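Novice: Following the hints, complete the assembly by docking chain B onto the known chain A.
Residue numbers (the UniProt record's numbering), protein chains in the order written: chain A, 1 to 241; chain B, 1 to 498.
If you're looking for bench data, these hints aren't it; they were derived computationally from the structure.
Since we're looking at a predicted model, the values are computed, not measured.
Mixed in with the good hints, there may be bad ones.
What the hints assert, rightly or not - DSBU-like mimics (lysine-lysine), calculated; alpha carbons at most 35 Å apart, straight line:
{"id": "1", "chain 1": "B", "residue 1": "Lys156", "chain 2": "A", "residue 2": "Lys95"}
{"id": "2", "chain 1": "B", "residue 1": "Lys156", "chain 2": "B", "residue 2": "Lys398"}
{"id": "3", "chain 1": "B", "residue 1": "Lys156", "chain 2": "B", "residue 2": "Lys145"}
{"id": "4", "chain 1": "A", "residue 1": "Lys95", "chain 2": "B", "residue 2": "Lys145"}
{"id": "5", "chain 1": "B", "residue 1": "Lys398", "chain 2": "B", "residue 2": "Lys145"}
To be verified - Footprint (simulated), chain B over chain A, 3 or more residues, beta carbon under 8 Å:
{"id": "6", "segment": "60-69"}
{"id": "7", "segment": "78-90"}
Heads up, the beta-carbon is just placed ideally off N, CA and C, and yes, glycines get one too.
Residue-level listing of the chains:
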Amino acid sequence: MPLLTFDSVDLGYGTQVVLPGLTLSLEAGERVALLGQSGAGKSTLLAEIRRRLGNAAAWCPQGHGLVPLLSVYHNVYMGQLERHAALTNLVNLLKPRREAWQAIDAVTRELGLEGLLRRPVAQLSGGQRQRVAIARAFFQGREIFLGDEPLASVDPHQALRLLDRIQARHTSSIIALHQHRLALEYFDRIIGLRDGHVVLDAPARELTLAQLDALYPDAGKNAGTSPPGHSDREARLETSP
Amino acid sequence: MSAAPGLLRGDSPGLTLARRSLALIGLCLLLLPFADLRIIAVDPWGELSRMAQGFAWPDFLALENPLRAIALTVSVALWGTCIGAMLGFPLALLFHRSRLIRSFCAFVRAIHELFWALLFIQVFGLSSITALAALAIPYAGIFAKVYAEILELAPKSPTDALPAGTDRLSRFLYAELPLVWERLASYTRYRFECAMRASVLLGFVGLPTLGFYLESAFREGRFSEAGALLWIFYALVATLQWWGDRRLLLPLLIGALFFLGPWPDVDGNLLWRFVSHDLWPAPLLDGDLVGLGSWLASLPDLLPAVGNTLLLALMGTVGSLILALLLWPLASHHFGRPWQRIGGRLMLVVLRSTPELMLAFIFLLMLGPSMLPAWLALALHNGALIAFLVARHADGIKVGMADLPASGRYAYELLPRLYPNLLALICYRAEVIMRETALLGMLGVATLGFYIDSSFQYLMFDQAFFLLLVTAGLNIAIDAISRRFRPREAPLDDPCSR
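The following block holds chain A by itself, in its conformation from the complex (with noise of 0.2 Å):
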C-alpha cells in the first residue's frame, strides 16, 4: 500500500526550488534510510514528506528543537500538546500531571534516560538532549517516524540502540542519517540524494558500502585539506574500510 507519491513535483522553500521533477513513492510498512551530503536536499524532502502526512506520523526534527529552559518531562510533554486544551497545557506547566508523567517515565527510561525527567534540557549532554528529542517522538505515539539525523549526536553503539527502539515503536520510518553500515542492515530501502535529484533508489540487501560512499564525492576530496564539517567526518568514520 503507498503511503505517499511524488509524481514529478517541484519541492523547496518560497520560490528556490530544492527538490526539481521528484518522483518518488513510499509504501506503508517500510524502513527508509535516506542518504546524501548535507545541502543535498534531504530536510526539504522530509518536511514535505511530514507536511503531508500530518499527525500521522512522529517527528524527531534536526538540531532536536528542544527548549533549554524547560525540564525533560516539559519537553517529551510537548510531543501532545495538541491533544489538550490549552489551560490544562497551562496547568502542566506548573503542576505535572500525574498520567503524563508516569507515561513520559516509561519512555524515557526505555531511552535510558532515568532519573531525569526533573532536568532543565540546558544541563544536559548532547547524547543525551538527542534522546531527549526521540522520546518527545515516540511520546507523540503514532505508527509512522520521521527523523532528521536523529542520529548524529550519539556514539555508533548508542546509534544502533536507538535505531533498534525507533523501529521496534513504528511499522514504518524514514529516516536521515549518515551512517553508512547502519543504512545497509537496519533499513530496507536506501533513498540516495545528491544535488537535488533521487541518484539511489534501491532495496538495502542490494547495495554495497562502495555504492553508497560514492553520494560523497567531496569526502575524499576535503580530507586532509579544510577542517570537515561534523557530519563529514561521521560519514568518513562510518564508511572507511
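Specialist: Leaving out everything else, chain B in the frame of chain A:
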C-alpha cells in the same frame, strides 16, 4: 602596481562607518558656534570644591527622615516598572501586527517621565498615582517595543517541532516564552535600574522621593547633606544585585505598598474637564478657526527652542560618541592594570548611575545657565553608559595578536570589531538623548522643555499639551532618522543596551 588609495577612500564597512561618524562630528563642529556655551558663574571652581567637600564629608545626621524618602523612591520604581511591564507585555504580543499599537507606543515613550509627571500632577496632585503613572505609561511603550523585539528573535526550531494543531497559547507557553524568558527578565531588571533614577528625578517636580531632598539641599547650598543623599543613592544602586534578588521580588512588592501614598481623592468631573477641555485650545473646541490662528500666534517663539533642542541633542550625541571612544578602555581587561581597571569601572558606574538631570543640575550650579552644563551632563552620562557596555563586549573578545602595543590592540584588534556595535548603541541612545534634552529645559536651558515647564507653571495646559505633542513628534522623527543612520550590520545582541 596599483597606487595606495587616498584618505578615507574605499568601500569597506569600517571606512563607511568612519566616514559617517566623521560627517556627524563635522556637522556638530560646524553648528557649535550657534550654541550658547558661556560660563556665567563667577567662581565655578570654588563652587565645585564646596560640592566635592560635601561629597567627601557627607553629613548623614542632618538628614531628616531619609528612610521614608528611600522607601518611597524604591517603592515607586518597583511598582512603576511592574505596572509598566504588565501593560507592556500584552501590547508586545500585538506589536508587530498593529500599526496603531506601534504608533501609540512610540508616542507614549517619546514623552519623558518627568513631563508625564507634570501632566498628572495637575489632576492627581503630588500623589503616588502621579508618580506611578509617570513611570508606568512611558515604560509600557518601551516594554512593548523591546519585548516584541526579543520575542521576535526567539529561535524558531522548537515551534517547528510541535505537532500540528497545537493551540496558540500552548505554543507560546512551551516553545516561545521559555526561550526568551532570561532576556525578558534581564531587560526588565535593567529598566528597573532606569526607574530608580527616574524615581529620584520625580523629586524635582515635588514628589517626596530622594530627588526632592537632593534638589533642595543643592539649591540651598547644604552640600554635606546633598553629599549624604548622593551616597545613599549610589549605595542603593550598587547593592541592587543583593536586595533586588528575584526571590525577594514578591516581599518587596508587597512591602512597597505600605510606603506608597498619599492616595488622592480623584474627582471624576475634574478629571474629565481636564482631559476634554483644559488640554485643548479653547478656539479649537469652539470651532473658531480665526481664533485658532491667534492662539497659535500667542505661542512663544518655537523655532529657537526647537533649534536649541536639536542642536543640544546633536552635541550630546557626538559628545557621547567621543567620550565612549575614549573611556571604554578604562574598564576593559585588555588595557591597564587591575587596580586601574577597578578605578575606571567605578568611575563609569558612578557616571552612568547618576541621573543626567542631577549631573546637569550640579554643572548648572557650577557654570551658570547656558547649554554647557546640559551638554557636559548628556555627554558624560551617555558616554559612560555606552563605554561600560562596549568594555563588557570587548572583554568577550579574544585578541589574535596579544603582544601588540596598546595602541595597536585598540586600533587594529578591538575597535574594528567593536565599532559597529558602539555606533549602533549611539544611534539607539540618540533618541534617549533627545528626550533628555527637552527635559533639561526644566533647569532653564532654552529648549522645548523650558517652555513646557513654564506653561504648566502658568496653568496654560493647552499650550503645555501642544508643546508636549511637538516634542513627541520631534522625538519620533529623530528615532526614525537614527534608525536609518544606524549600522545595519550590527544587530544589538544585548537588549539591555537601550
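Novice: Please name the hints from earlier in the document that this structure breaks, with their numbers sorted from lowest to highest.
Specialist: Failing hints: none at all.
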